[in-house]
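Engineer: One-letter residues, chain by chain:
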Amino acid sequence: MTGENPVYPFSAIVGQEDMKDALLANVVYPSIGGVLIRGEKGTAKSTTVRAVADLLPERDVVKGCMFRCGVSDSRNLCSSCREKIATSGKPETELVRMRVVELPLCATEDRVVGTMDIEHAITRGVKKFEPGVLAMANGNILYVDEVNLLDDHIVDLLLDAAAMGINFVEREGISYSHPARFLLVGTMNPEEGDLRPQLLDRFGLVVDVEGEKDPVRRSDVVKRRLEFERDPVAFCKKFESEQQAVRDRIIRAKESVSGIKADDLLINTAIKISLVLGVDGHRSDLTLVKTALAFAALDGQNDVKREQVIKAAGLSLPHRLRRRPFEESRMDFGTIRALIEECYGSS
Amino acid sequence: MTPLYPFPAITGQEHAKKALQCTLVDDDIRTILIMGDTGTAKSTLARSVGTLVFSKKVLTVPQNITYDRLLGNLELESAVSTGRARLAPGILEQGNCQILYADNINLMDEGIVTTMLNTSETGQIILEREGFSHRARTRFILIATMDPAEGELTSSQMDHFDLCVRLDPIEDSGLRADVVRKHLRFEQSPDEFIREYEPRILALKKTLDAARERLPYVSIPDGHADLISSLCLELVVAGQRGDLAVARAAKALAALDCRDSVEFDDIKLASLFALEHRRRDIPENPPATPPQNKPEPKDQDQKSETGSSYRNTRPDQTPDLQPERQEQKDPDKKKTLPSPLAEQVFGIGSPFEVIRYLNEKSRRATHKQKSGRRSRIISTDASGHYCSFCLPKKNRHDIAIDATLRAAAPYQQSRERNGLAISVKKMDLREKIREKKTAHTILFLVDASGSMGTRKRMVAVKGAILSLLTDAYQKRDRIGLMIFRGTDARLVLPPTRSPDLAVRMLRTLPTGGMTPLIQGIAEAYGLLTRGRYAAAGENKSIVILTDGRVNVSMNTKSPYNELADMTRSIAGTGIRFVVVDTEVGFPCLGRARALAGDLEASYFRLEDLNSRRLTGTVQELIYTTR
Numbered sequence: 063m064t065g066e067n068p069v070y071p072f073s074a075i076v077g078q079e080d081m082k083d084a085l086l087a088n089v090v091y092p093s094i095g096g097v098l099i100r101g102e103k104g105t106a107k108s109t110t111v112r113a114v115a116d117l118l119p120e121r122d123v124v125k126g127c128m129f130r131c132g133v134s135d136s137r138n139l140c141s142s143c144r145e146k147i148a149t150s151g152k153p154e155t156e157l158v159r160m161r162v163v164e165l166p167l168c169a170t171e172d173r174v175v176g177t178m179d180i181e182h183a184i185t186r187g188v189k190k191f192e193p194g195v196l197a198m199a200n201g202n203i204l205y206v207d208e209v210n211l212l213d214d215h216i217v218d219l220l221l222d223a224a225a226m227g228i229n230f231v232e233r234e235g236i237s238y239s240h241p242a243r244f245l246l247v248g249t250m251n252p253e254e255g256d257l258r259p260q261l262l263d264r265f266g267l268v269v270d271v272e273g274e275k276d277p278v279r280r281s282d283v284v285k286r287r288l289e290f291e292r293d294p295v296a297f298c299k300k301f302e303s304e305q306q307a308v309r310d311r312i313i314r315a316k317e318s319v320s321g322i323k324a325d326d327l328l329i330n331t332a333i334k335i336s337l338v339l340g341v342d343g344h345r346s347d348l349t350l351v352k353t354a355l356a357f358a359a360l361d362g363q364n365d366v367k368r369e370q371v372i373k374a375a376g377l378s379l380p381h382r383l384r385r386r387p388f389e390e391s392r393m394d395f396g397t398i399r400a401l402i403e404e405c406y407g408s409s
Numbered sequence: 002m003t004p005l006y007p008f009p010a011i012t013g014q015e016h017a018k019k020a021l022q023c024t025l026v027d028d029d030i031r032t033i034l035i036m037g038d039t040g041t042a043k044s045t046l047a048r049s050v051g052t053l054v055f056s057k058k059v060l061t062v063p064q065n066i067t068y069d070r071l072l073g074n075l076e077l078e079s080a081v082s083t084g085r086a087r088l089a090p091g092i093l094e095q096g097n098c099q100i101l102y103a104d105n106i107n108l109m110d111e112g113i114v115t116t117m118l119n120t121s122e123t124g125q126i127i128l129e130r131e132g133f134s135h136r137a138r139t140r141f142i143l144i145a146t147m148d149p150a151e152g153e154l155t156s157s158q159m160d161h162f163d164l165c166v167r168l169d170p171i172e173d174s175g176l177r178a179d180v181v182r183k184h185l186r187f188e189q190s191p192d193e194f195i196r197e198y199e200p201r202i203l204a205l206k207k208t209l210d211a212a213r214e215r216l217p218y219v220s221i222p223d224g225h226a227d228l229i230s231s232l233c234l235e236l237v238v239a240g241q242r243g244d245l246a247v248a249r250a251a252k253a254l255a256a257l258d259c260r261d262s263v264e265f266d267d268i269k270l271a272s273l274f275a276l277e278h279r280r281r282d283i284p285e286n287p288p289a290t291p292p293q294n295k296p297e298p299k300d301q302d303q304k305s306e307t308g309s310s311y312r313n314t315r316p317d318q319t320p321d322l323q324p325e326r327q328e329q330k331d332p333d334k335k336k337t338l339p340s341p342l343a344e345q346v347f348g349i350g351s352p353f354e355v356i357r358y359l360n361e362k363s364r365r366a367t368h369k370q371k372s373g374r375r376s377r378i379i380s381t382d383a384s385g386h387y388c389s390f391c392l393p394k395k396n397r398h399d400i401a402i403d404a405t406l407r408a409a410a411p412y413q414q415s416r417e418r419n420g421l422a423i424s425v426k427k428m429d430l431r432e433k434i435r436e437k438k439t440a441h442t443i444l445f446l447v448d449a450s451g452s453m454g455t456r457k458r459m460v461a462v463k464g465a466i467l468s469l470l471t472d473a474y475q476k477r478d479r480i481g482l483m484i485f486r487g488t489d490a491r492l493v494l495p496p497t498r499s500p501d502l503a504v505r506m507l508r509t510l511p512t513g514g515m516t517p518l519i520q521g522i523a524e525a526y527g528l529l530t531r532g533r534y535a536a537a538g539e540n541k542s543i544v545i546l547t548d549g550r551v552n553v554s555m556n557t558k559s560p561y562n563e564l565a566d567m568t569r570s571i572a573g574t575g576i577r578f579v580v581v582d583t584e585v586g587f588p589c590l591g592r593a594r595a596l597a598g599d600l601e602a603s604y605f606r607l608e609d610l611n612s613r614r615l616t617g618t619v620q621e622l623i624y625t626t627r
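Quick note, the sequences are listed as chains A and B, same order. Sequential numbering of the first sequence, starting at 63, is according to my numbering. Sequential numbering of the second sequence, starting at 2, is according to my numbering.
I should point out that these hints are in silico values taken from the structure, not numbers from a laboratory. Some clues are possibly wrong.
Each pair of labels, with its calculated beta carbon distance range [as the list claims (entries may be wrong)]:
#	chain 1	residue 1	chain 2	residue 2	range
1	A	R309	B	S190	23 to 31 Å
2	B	P9	A	P294	50 to 58 Å
3	A	A307	B	P9	40 to 48 Å
4	B	D210	A	G151	37 to 45 Å
5	A	V188	B	S415	15 to 23 Å
6	B	P9	A	C168	44 to 52 Å
7	B	G575	A	D293	58 to 66 Å
8	A	C168	B	G575	25 to 33 Å
9	A	V188	B	R140	27 to 35 Å
10	B	G132	A	R309	57 to 65 Å
11	A	P252	B	E601	34 to 42 Å
12	B	P9	A	I147	28 to 36 Å
13	B	S190	A	N330	19 to 27 Å
Which chain B residues stay away from chain A? Per the calculated CB distances, all over 12 Å, these [unchecked claim]:
#	residue
14	D27
15	S56
16	S134
17	T155
18	L216
19	E235
20	S262
21	D266
22	T488
23	A523
24	E524
25	G527
26	I571
27	L590
Which bits of chain B does chain A cover? Going by a derived footprint, with three or more residues having C-beta under 8 Å, they are [unchecked claim]:
#	region
28	58-70
29	166-175
30	178-184
31	402-413
32	418-429
Every residue, glycine too, gets a C-beta built ideally from N, C-alpha and C.
Here chain A stands alone, though its shape is the one from the complex (with noise of 0.2 Å):
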């Protein structure tokens, strides 16, 4: 840490808990598909997102290659490291720390997706591929402020890499593809315009932060932020058992969350809501059932409670109720707890 410009310790936000919950949950279990943040300006998104990625122990990653392929991943190795490590076998590696890759919302698409390396072209006459965000954003989480207002075609060019993993390349007399597996964050403020209700189906989980109500914790916000900015060290500093504690947390989580089994009662509850709801497609099944796992692996249980049930439905369902673009058929939260207590017995 020693150099870069401290960031603002994650044990330090107050409040904010459904989208902490969100983002340690993908953390945890990577394919549940990502976060999108729904609120307005100023309810310390960006904060949170660069602090999970601070919080997260380094990797392992092959020394000098551009998407940062982790070692231990075989599946998951760009072509030159695949080489690389066929031949030489085990490659140098260095420890890098997760980052937050943001697109702007001007990026045009040849820097999104990777373009032709003019200085490489000029010098060396032969053809070799730029990396753009999409490399980048490689074991990284992609953070894309105001996801609605970014062009349609960007979008489609972001979900067609996140869907299969893969940047796939096929512009300006470049042929390659890439591994891009990143945690995607979008923020969007639902007063300038929605989501197509494709797009929202993609985000794994949603979170709709507003800002604290609560005036005691209201000016402990001010408070922490103020003393953080006078001096971040010290602040840090008196946050790192806390820090080490969710650390802690999240490695063990990790680990564990393979050994929890998804058992019958779980994936027919998730089920059952999806068809009590009308909703289409297995994102939803498949999400609310991921989420669960995770966070009985971040509570440290061996199996799946109704609580975690619970929290998990109100990050993967609210942003999948409507099924057609016009059809208002906003459930209620209530009938979805209901239906969990009516399979996992109320309290």
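Please build the complex by placing chain B on the supplied structure of chain A, with the hints as guidance.
Structural biologist: Chain B in isolation, oriented as in the chain A frame:
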């Protein structure tokens, strides 16, 4: 590489799986389209085909593909080092004898899609670009997916697909649980999962190989062959592609079933694969009474059409509209008609027949004349999709590097390079042409005065707006809603890309009061020409739903004179007007038609929207001139 989900592990979707197998059996079935709502495992299914073929590779055609990679282009390296122009083959040529996979094909560049489909049909790559003239044979299987709710393909593009299958949502909870369980297992330990399915993959491969060998010996009995052609005629399928596709698919199905002769069931299934997306009309659903008749029984007409249009809409759409229809059916029960000036809120009327096109499971929607074609414009900034290049104009910096380098490459042998590999001169510079979808801004200007309350006219109007909104949504247009009643016009919904908001507004829209049509038009025009929606380069339209009556003037002139003066002054100033005439009953004054004339607007009767003559696309409204 990321492991592929094993084909036999896909739960349900037997039709789609059969259709995909047909393409692997008969080399002449070359294109298949998989349609389905979001999250119905379209892509998983399409990609899983890769597990069935050893000898073939699956090449992904990504969204970002450009023509040079599709068809081939100059090979930079050899041009620089030897000065000789050689061709680097594009993905269509590399795909020879392989499988090409295009996800979300309806979101891809239209020209690219057409090129792919044409190449697949003719088997020939024709390249005439950048000084290259190149011909090559190629034969590939194209597997494409699309979510129809995201936009459509044109009918000729649809017709080019040999087969088309639709994935239906799985409603059975047991099967759904199966999907979830398999998916989780596959994600957690893919190798183990794939190993588990290996025997079934091998068995299926054997079946496919046997079917391929058998195929040349499979014949269609004469009677069945006639059945195919009469089926195609009956379903009013244009062209011969349908007949051929049915015959081929039926033979493949028979071969897969180890038979040498095509049976009736093969044809039944094959026509589902090959004809459903080519159908032009709906024979089992005869058109309702043509609405161009006496105005009096209009309400009756409305009813009958409402009924027919519901037959095919999703059942879950109905409840909302039920009470309104009830009221319509029993007009006599309401003895006391409300005074026209009293404020009332009407529900949204039947979303019209046109809605059926949009919600229906089969793809008749694609036969609309102009639909599916998004309007595109050449982008003036660096945003948009890079589609082509040109010699640079003044002060532009969006250099097309690939084209520039290709232009420079052949001269490298003779140029002074100063230690660089390529020397680029000014004459080589090429600039990108970028294309983006036009942002249409459509403002609906709705008469919500008391006269619209009579005969529940507002119900029909709301229905019409809803139909148009659905279409506008698919085209990603920006939609605004302005109503005029009482003494002024009110912007209920500033132009937005969120039609959900528009529908919510529409639902609670009250009617009643006077008819300030002049103020309405003036406000709407002002909003689109002066306000923050006046941005240049956008297509702007105002759709006025009115009976043309006006009874509030802005100054001392008679309202009609004033209206005529005002409308003539703003006609032809860059904004398109559409007048939808809501007039009903006697006396028929034709005021809306006059208004349309003054505005140089396209003119429609509200009933036109409810008939088969119009399919309810905003584009059609805006661009049809009468």
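Engineer: All the hints need checking, so say for each whether the structure fits it.
Structural biologist: Quick rundown of the hints versus the structure:
Here the CB-CB span from R309/A to S190/B is close to 27 Å, well matched to the stated 23 to 31 Å. Between P9/B and P294/A, the C-beta spacing of about 57 Å keeps the proposed range 50 to 58 Å intact. Checking the proposed 40 to 48 Å range against A307/A and P9/B shows it holds: the Cβ atoms sit about 46 Å from each other. Between D210/B and G151/A the CB atoms are about 39 Å apart, so this pair conforms to the stated range of 37 to 45 Å.
The beta-carbon spacing between V188/A and S415/B, approximately 20 Å, falls within the hinted interval of 15 to 23 Å. For the pair P9/B and C168/A, the supplied restraint of 44 to 52 Å holds, since their beta-carbon distance comes to about 46 Å. Taken as a hint, the range 58 to 66 Å holds for the pair G575/B and D293/A, whose Cβ atoms sit roughly 59 Å apart. Our hint of 25 to 33 Å for C168/A and G575/B holds, since their Cβ atoms are close to 27 Å apart.
For V188/A paired with R140/B, a C-beta distance near 32 Å keeps the hint of 27 to 35 Å intact. The beta-carbon spacing between G132/B and R309/A, approximately 60 Å, falls within the hinted interval of 57 to 65 Å. At roughly 38 Å, the beta-carbon separation of P252/A and E601/B lies within the given 34 to 42 Å, and the hint holds. Separation of P9/B from I147/A is about 32 Å and conforms to the stated range, judged on CB atoms against 28 to 36 Å.
For S190/B and N330/A, the hinted distance range of 19 to 27 Å is satisfied, since their beta carbons lie about 23 Å from each other. Non-interface status of D27/B relative to chain A is upheld: no Cβ of that chain comes within 12 Å, the nearest being about 28 Å off. In this structure S56/B is separated from chain A by more than 12 Å, as the shortest Cβ-Cβ distance comes to about 21 Å. S134/B, annotated as away from the interface, keeps every beta carbon of chain A farther than 12 Å; the closest lies near 19 Å.
No Cβ of chain A comes within 12 Å of the Cβ of T155/B; the nearest lies about 19 Å off, and the non-interface call holds. Taking the minimum C-beta to C-beta distance to chain A, about 33 Å, the non-interface status of L216/B holds against the 12 Å cut. Separation of E235/B from chain A is adequate, the least Cβ-Cβ distance of about 31 Å exceeding the 12 Å criterion. Its beta-carbon lying about 39 Å from the closest one in chain A, S262/B satisfies the requirement of being farther than 12 Å from that chain.
Every Cβ of chain A is farther than 12 Å from the Cβ of D266/B; the closest lies at roughly 29 Å, confirming the non-interface assignment. Residue-level check passed: T488/B sits 29 Å from the nearest beta carbon of chain A, beyond 12 Å. No Cβ of chain A comes within 12 Å of the Cβ of A523/B; the nearest lies about 27 Å off, and the non-interface call holds. Listed as outside the interface, E524/B is consistent with that label: its C-beta sits roughly 22 Å from the nearest C-beta of chain A, beyond the 12 Å cut-off.
Remark: the non-interface label on G527/B is consistent with the geometry, its nearest Cβ contact in chain A lying 23 Å away (cut-off 12 Å). The beta carbon of I571/B sits about 28 Å from the closest Cβ of chain A, which is more than 12 Å, so the claim that it is off the interface holds. L590/B, annotated as away from the interface, keeps every beta carbon of chain A farther than 12 Å; the closest lies near 33 Å. With 9 residues bearing a CB less than 8 Å from a CB of chain A, the region 58-70 of chain B meets the requirement of three and the coverage assertion stands.
As drawn, the region 166-175 of chain B meets chain A at 4 residues by the rule of a beta-carbon pair under 8 Å; at three or more, the given contact holds. A stretch counts as covered by a chain when three or more of its residues have a beta carbon under 8 Å from one of that chain; for the region 178-184 of chain B and chain A the count is 5, and the coverage holds. Coverage of the region 402-413 of chain B by chain A holds. Counting CB-CB distances below 8 Å, 5 residues qualify, and the rule asks for three or more. Only residues whose C-beta sits within less than 8 Å of a C-beta in chain A count toward coverage, and the region 418-429 of chain B has 4 of them, enough to reach three; the restraint holds.
Violation of the numbered hints given earlier is absent; every hint is satisfied by the structure.
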